[in-house]
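Visitor: Following the hints, complete the assembly by docking chain B onto the known chain A.
Taken in order, these protein sequences are the chains called A and B.
According to the UniProt record's numbering, the first sequence is numbered sequentially starting from 1.
According to the UniProt record's numbering, the second sequence is numbered sequentially starting from 1.
Rather than coming from a laboratory, the hints here were simulated on the basis of the structure.
Computed from a prediction, not measured in an experiment: that's the story for all the values here.
Mixed in with the good hints, there may be bad ones.
A few chain B positions that, by computed beta-carbon distances, are all more than 10 Å from chain A [as the list claims (entries may be wrong)]:
no. : residue
1   : T43
2   : L76
3   : D81
4   : A96
5   : D104
6   : G116
7   : C122
Result set (DSS-like, lysine-lysine): computed pairs, CA atoms no more than 30 Å apart in a straight line [stated by the list, open to error]:
no. : chain 1 : residue 1 : chain 2 : residue 2
8   : B       : K42       : A       : K78
9   : B       : K63       : A       : K62
10  : B       : K63       : B       : K86
11  : A       : K62       : B       : K86
12  : A       : K122      : B       : K126
13  : A       : K122      : B       : K113
14  : B       : K103      : A       : K62
15  : A       : K62       : B       : K98
Backbone N, C-alpha and C define an ideal beta-carbon position, used for all residues, glycine too.
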Amino acid sequence: MRRRIPHKLQRPEGLILTSLVDIALSLVIGFIVALPMFFETGIFVSQPSVAKAKPGQESDIKVNIHLTNDGKIFLNEKPIPATVLPDLLPRLLARSVTRRVIISSEDRVRYNDVVQILDMAKQAGAADLCLLRIGKK
Amino acid sequence: MTQNANIDILPMACVGLLLVVMMIMTAPMVMTHSNTPVEVPKTHTAERKTEEDIVVTLTVDNKLYLNDQPINKSDLEDQLDQLLTKDQYCLVVVRADKDVLHKDVLDIIAIAKRAGAARIACATKKIRE
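The following block holds chain A by itself, in its conformation from the complex (with noise of 0.2 Å):
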């Protein structure tokens, strides 16, 4: 005698593949989302090849900021507390055509303080950043 299996019981036909196809999909979603995370991001910079200046040529407001080795940030030859840069940067940079920012540094500065310059020139609205390499003496 066959047993009756009540109808709620029964497997359906055909495979319910809709949880599959949910985990897939939010898998895909998951990898568009965490795509852009995985790349590194960076920031554009230059090198300022050498020019003879003409006479007369009028100059534009200059940012120029040099980095000692006993970590002291110098703004255009004066000696200034990394806490006023923030906003000392975006009050010169808003006077200045070319918007440009020259950073140099002594030799044992580490890369990641010149980033944070960049980083924070970038912020204060700078358009061009330049790093000013030193000529061995």
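Guide: Chain B in isolation, oriented as in the chain A frame:
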């Protein structure tokens, strides 16, 4: 003996799912030249790149890699020159560890400039707020 008339698509779905997972795992490795482990500086501002580029990596122990292949500093200019002859405007990305000296990074940038690189960028990792 009766044969099931329906096509069993479960293995196919499983293979498809496995392919998706494999793609998720391998895509970042295939699409970038940034497999050499380097802790790049973290910044608030950054520009995203979506193009084929040349990656010069400088690790914390001052080892140099060009597109994830180890290279000597003396050979870097020639190799970069060869790569840049195809496209001078190809982006050269300097991936330097945050703890290296800035002058070493400047040396690499100078070599890239001498090799004819018109566009240079420093790799950073954006701070998620």
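Visitor: Hint by hint, note whether the structure agrees.
Guide: Okay, the hints, checked on the actual structure:
The claim that T43 of chain B is not at the interface with chain A is violated, since a C-beta of that chain comes within 10 Å of its own (minimum 4 Å). Non-interface status of L76 of chain B relative to chain A is upheld: no Cβ of that chain comes within 10 Å, the nearest being about 16 Å off. Every CB of chain A is more than 10 Å from the CB of D81 of chain B (nearest about 17 Å), matching its label as outside the interface. For A96 of chain B, the non-interface assignment is contradicted: its Cβ lies about 5 Å from the closest Cβ of chain A, within the 10 Å cut-off.
Its closest Cβ contact with chain A, about 8 Å, brings D104 of chain B to no more than 10 Å, contrary to its assignment away from the interface. With a cut of 10 Å on Cβ distances, G116 of chain B stays outside the contact zone with chain A, its closest approach being about 13 Å. Some Cβ of chain A comes within 10 Å of the Cβ of C122 of chain B; the nearest lies about 5 Å off, and the non-interface call is violated. Taking the CA atoms of K42 of chain B and K78 of chain A, the gap is about 27 Å. The hint holds against a cut of 30 Å.
Restraint check for K63 of chain B and K62 of chain A: not satisfied, since their Cα atoms lie roughly 36 Å apart, outside the 30 Å limit. Restraint check for K63 of chain B and K86 of chain B: the C-alpha separation of about 26 Å stays at or below 30 Å, so the hint holds. In summary, the hint linking K62 of chain A to K86 of chain B is not supported, as the alpha carbons are separated by about 36 Å, beyond the 30 Å threshold. For the hint pairing K122 of chain A with K126 of chain B, the CA-to-CA distance comes to about 13 Å; that is within 30 Å, so the pair holds.
Taking the CA atoms of K122 of chain A and K113 of chain B, the gap is about 22 Å. The hint holds against a cut of 30 Å. For the hint linking K103 of chain B to K62 of chain A, the alpha-carbon distance of about 23 Å falls within 30 Å, and the restraint holds. With a C-alpha separation of about 27 Å, the suggested pair K62 of chain A and K98 of chain B falls inside the 30 Å cut-off, and the hint holds.
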